Amino acid sequence: MAHKNTIKNSANRRNFLKLGLMSSITAVAGTSLVSNFALEEEKKTTGEKVRLLTPDGKIVEVEASNINKYPEAHITPAESRKGIPNRKFVMVIDLAKCKNARSCVESCQKAHDLDYNEEFIKIQLIQNNEESLPYWFPKPCFHCDEPPCVTVCPTGATFKRDDNIVLVDNERCIGCKFCVTSCPYSARIFNWGHKDKFENTNQPYSPETGIPATEGTIMKCDFCPDLLRQGKLPYCAKACPMGVIYFGDKNEDIVTNGEETVRFSELINDRGGYRHLEHLGTKPNVYYLPAVNRQFPLERGFNIDEDIIERYKNVPYVQDLKKRGKI
Amino acid sequence: MDIEQRKRELVKEFSPMLRKTTTISKIWIGFLIAVIAVGFYALILQFTKGHIVTGMRDNVVWGIYIINFIFFVCLSYSGAFIAGILHFFKTPWKNSVSRIVEITTVLSIIIGPIFILLCIGRLDRLHYLFLYPRIQSPITWDIIAILTDLIGCFLYLYLTFIPDFSILRDNSDDAPKWRKKLYSILSFGYQDTTSQRERLNKITRIMSTMIIAMAIVTYSVLAWIFSLTVQPGWNSTIFAPYFIIAGLYSGVSVIIVAMYLIRKYYHLNHYIRKVHFVGAGIILLVISLLFGYFTFTEYFSRWFSHKTHDIELLETLFNRYFWEFIFANYIGVLVPIGILFFKKFRTIKSITFAAVIAILGLWFNRYLIVVPTLETPYIPIQDTRPEFIHYSSTWIEWALSFTGIAAFILFFMLIMKLVPIIPISGIIDQERKSKKIKPKIIL
Chain A
353 MAHKNTIKNS ANRRNFLKLG LMSSITAVAG TSLVSNFALE EEKKTTGEKV
403 RLLTPDGKIV EVEASNINKY PEAHITPAES RKGIPNRKFV MVIDLAKCKN
453 ARSCVESCQK AHDLDYNEEF IKIQLIQNNE ESLPYWFPKP CFHCDEPPCV
503 TVCPTGATFK RDDNIVLVDN ERCIGCKFCV TSCPYSARIF NWGHKDKFEN
553 TNQPYSPETG IPATEGTIMK CDFCPDLLRQ GKLPYCAKAC PMGVIYFGDK
603 NEDIVTNGEE TVRFSELIND RGGYRHLEHL GTKPNVYYLP AVNRQFPLER
653 GFNIDEDIIE RYKNVPYVQD LKKRGKI
Chain B
5 MDIEQRKREL VKEFSPMLRK TTTISKIWIG FLIAVIAVGF YALILQFTKG
55 HIVTGMRDNV VWGIYIINFI FFVCLSYSGA FIAGILHFFK TPWKNSVSRI
105 VEITTVLSII IGPIFILLCI GRLDRLHYLF LYPRIQSPIT WDIIAILTDL
155 IGCFLYLYLT FIPDFSILRD NSDDAPKWRK KLYSILSFGY QDTTSQRERL
205 NKITRIMSTM IIAMAIVTYS VLAWIFSLTV QPGWNSTIFA PYFIIAGLYS
255 GVSVIIVAMY LIRKYYHLNH YIRKVHFVGA GIILLVISLL FGYFTFTEYF
305 SRWFSHKTHD IELLETLFNR YFWEFIFANY IGVLVPIGIL FFKKFRTIKS
355 ITFAAVIAIL GLWFNRYLIV VPTLETPYIP IQDTRPEFIH YSSTWIEWAL
405 SFTGIAAFIL FFMLIMKLVP IIPISGIIDQ ERKSKKIKPK IIL
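Protein sequences, first through last, are from chains A and B. Basically my numbering = 1-based index in the first sequence + 352. Basically my numbering = 1-based index in the second sequence + 4.
Please keep in mind that the hints were generated in silico from the structure rather than gathered at the bench. Computed from a predicted model, the values in this text were never measured in an experiment. One or more of the hints may lead you astray.
Here are some chain A residues the structure puts well away from chain B; computed CB gaps all over 10 Å [stated by the list, open to error]: (1) 412; (2) 500; (3) 551.
DSSO-like mimics (lysine-lysine), calculated; alpha carbons at most 30 Å apart, straight line [said to hold, decoys possible]: (4) 675(A) to 462(A); (5) 665(A) to 311(B); (6) 635(A) to 590(A); (7) 311(B) to 635(A); (8) 635(A) to 449(A); (9) 11(B) to 421(B); (10) 353(B) to 94(B); (11) 53(B) to 462(A); (12) 268(B) to 206(B); (13) 278(B) to 53(B); (14) 451(A) to 674(A); (15) 474(A) to 353(B); (16) 278(B) to 268(B); (17) 11(B) to 206(B); (18) 206(B) to 24(B); (19) 184(B) to 549(A); (20) 449(A) to 678(A); (21) 474(A) to 590(A); (22) 311(B) to 474(A); (23) 53(B) to 547(A); (24) 268(B) to 347(B).
Residues on chain A that point at chain B, a partial pick, calculated with CB under 7 Å [claimed, not checked]: (25) 527; (26) 621; (27) 623.
Don't be surprised by glycine CBs; every beta carbon is placed ideally from N, CA and C.
Based on the provided sequences and hints, a complete structural model is requested.
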């Protein structure tokens, strides 16, 4: 996690990073213990043991060879249901800084092996009322505390974890699409047909990475828990050149966009943070800072593919711009 | 004339219907099988290529499959409701229509759920519904409700078949061996003794009330699949009763159409008479008034309170779906009311015409509930792919929809080959009650 600025209460941030590291170690230990049973016949133990500290203060002893075997812990579907201990992940999106650079979208697509039109985070052009100027509105999954998608899922393929993340296990999903119809934020994508990338066997499937995707199942933004376990920011937050996306832990009251680290509560209180469509009662964990004192004129956002500009053709403001020949 | 002789006579009367297949019905069966074959090909395409072959995409994830699903399940529900009521209140003229109603009920509860299976992306994982069930999901409720309803309706249908199976077993001396054997197995040792008859009557009566209750539960749960979400256009408190009325509306209409066709092609003018059409027509009139009232209330309150997202939905309905809206909610309600309201218009043909309009109108009404709502989500669709913005069904979806209808008609015809469409036992019962040996009018 790159950070240039520090804040006064730096102990808290150190804590955030430390816990992040430790939880990834737990995961490593957890997997290796499980796979020890499964892969016994081909595993030769060296006998060397390493002691590790778990987040809940216990010391565990694991095979040293196992740790080396899992540079990046593979989290099985069953393990992915638990969540990272003592975390309440939260995202804050500063609408004043967004200029539709689409780095978040592209970085996310690359990391999650998504096609051109498959976007876990979408950039919408939203206009609050007739008088106000539209603004760019990056929209990931809101990882609600009252997620309608989880309530309606008949098999538990989509689930809410203790660390606030809502994940999809595409090995459990039967593809009934009820979650899509119940999500008021259109956050979900269905795999309608077969694609070659589904046969990618470079890494075993984990709900935490969502790779490989599977035909006939759902996928969506996952807050990149694989990166969180390593103490890193999600791809979208890391990629944004404007520092629009802050990510952090509500328990520690800290969010960071990679450049500045701030208290979550102060950011929300001082800047008038809100949640989109609050009245629906879904209690999202993605907060927005209103598009006041914008850093970029709206038109800067139209400096992109013609095909993507076409998306916004129904917004009255865009029609007006087109009429005046500005885009 | 004693009862045994009368039974023989009736079996003789109905046996051509059971055993002989006319050229017209052979052509019909061939045609239906052809439709089903095309549907089967479409099904294979959908299985091998995935749901990409349908018109459904990320915004409109449910298309005409789910509309057909609602349609058939509501047919079954209303069939059960009507069958239960007819039986429970011992309606005097029920005998001629009760079997049509019961067969409709069972067939549509078998065909309806097949459409929901077509919506499921991973049919190979269907057993996960039972391996990892989650009781708070309305889909789980739906599965429980439909399975219960299916078993209940099937039992009820079978109970009403038993006396006829026993009559056919005792009176088909010249029938082929397999038929005799089948009847003797299916009649379950029923000998039509007084105690057996009383017991069977009691069970049938209990079942008739149970299937009414089950039907209401099943259809309410189905409505909740929509109304328990937060989507504008779905999140409505009146959806469960609205769906129940809508179900009755299409159910009574389908029964009227079935009565008309059966009467015409099997020459049963003597049994299915104008009084049945007028009776069913008046029921349809009452339900169409109720249905129109519910529809009006639903849209009127959305329009009057004009919340942003409701208005967006209504704008979609009145622009993109203008003619569908007019057809479903104006023509589909007002034309049947207009025909059925005036006594002089109540002829067999016009009542059947009103029923056909009601069926089509209701199907479009369901379409307008499902598709436009999904096309106007809370966060506006900003996409460049036309198929992701608007839903248009593909030939695969239509082929499978017509397969459902064809299968319904085909199975109906096959069941009519097994048991007489007018219950013989019912005729006997009535004659026994009225002490007539050979009545002239059989209602």
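Hints, verified against the model:
1. For residue 412(A), the condition that its CB be more than 10 Å from all CB atoms of chain B holds, with the nearest at approximately 30 Å.
2. Distance check for residue 500(A) against chain B: the nearest CB is about 6 Å away, which does not clear 10 Å, and the non-interface claim fails.
3. The claim that residue 551(A) lies off the interface holds: its Cβ sits roughly 14 Å from the closest Cβ of chain B, which is beyond the 10 Å cut-off.
4. Taking the CA atoms of residue 675(A) and residue 462(A), the gap is near 35 Å; set against the 30 Å cutoff, the hint is violated.
5. Pair hint residue 665(A) plus residue 311(B) holds up; C-alpha atoms about 24 Å apart against a cutoff of 30 Å.
6. Of the supplied pair hints, the one linking residue 635(A) and residue 590(A) holds, its CA atoms being roughly 25 Å apart against a limit of 30 Å.
7. At most 30 Å may separate the alpha-carbon atoms for a hinted pair to count; residue 311(B) and residue 635(A) meet this at roughly 21 Å.
8. Only pairs whose Cα atoms come within 30 Å are accepted, and residue 635(A) paired with residue 449(A) is accepted, the gap being roughly 24 Å.
9. The straight-line distance between the Cα atoms of residue 11(B) and residue 421(B) is roughly 18 Å, inside the 30 Å bound, and the hint therefore holds.
10. Of the pairs offered as hints, the one joining residue 353(B) and residue 94(B) holds, with about 27 Å between alpha carbons and a cut-off of 30 Å not exceeded.
11. Proposed proximity of residue 53(B) and residue 462(A) is supported: the alpha carbons are some 26 Å apart, at most 30 Å.
12. At most 30 Å may separate the alpha-carbon atoms for a hinted pair to count; residue 268(B) and residue 206(B) exceed this at roughly 34 Å.
13. With a C-alpha separation of about 50 Å, the suggested pair residue 278(B) and residue 53(B) falls outside the 30 Å cut-off, and the hint is violated.
14. Taken as a hint, the residue 451(A) and residue 674(A) pair is honoured in the structure, with Cα atoms around 18 Å apart against an allowance of 30 Å.
15. A distance of roughly 56 Å separates the Cα atoms of residue 474(A) and residue 353(B); the hinted pair therefore is violated under the 30 Å criterion.
16. Proposed proximity of residue 278(B) and residue 268(B) is supported: the alpha carbons are some 12 Å apart, at most 30 Å.
17. For the hint linking residue 11(B) to residue 206(B), the alpha-carbon distance of about 23 Å falls within 30 Å, and the restraint holds.
18. Proposed proximity of residue 206(B) and residue 24(B) is contradicted: the alpha carbons are some 35 Å apart, above 30 Å.
19. Taken as a hint, the residue 184(B) and residue 549(A) pair is broken in the structure, with Cα atoms around 59 Å apart against an allowance of 30 Å.
20. About 22 Å separates the Cα atoms of residue 449(A) and residue 678(A), which keeps this hinted pair within 30 Å; it holds.
21. Proposed proximity of residue 474(A) and residue 590(A) is supported: the alpha carbons are some 16 Å apart, at most 30 Å.
22. With a C-alpha separation of about 25 Å, the suggested pair residue 311(B) and residue 474(A) falls inside the 30 Å cut-off, and the hint holds.
23. Straight-line distance between C-alpha atoms of residue 53(B) and residue 547(A) comes to about 10 Å, which keeps the hinted pair within the 30 Å bound.
24. This hinted pair checks out: residue 268(B) and residue 347(B) have alpha carbons roughly 23 Å apart, not beyond 30 Å.
25. The interface hint given for residue 527(A) is met, as the beta carbon of that residue sits about 2 Å from the closest beta carbon of chain B, less than 7 Å.
26. Because the smallest distance between the Cβ of residue 621(A) and any Cβ of chain B comes to about 26 Å, over 7 Å, the interface hint for this residue is violated.
27. Using the Cβ-Cβ criterion of 7 Å, the hint placing residue 623(A) at the interface with chain B is not satisfied: the shortest such distance is roughly 22 Å.
Hints 2, 4, 12, 13, 15, 18, 19, 26 and 27, counting from the list given before, are not met by this structure.
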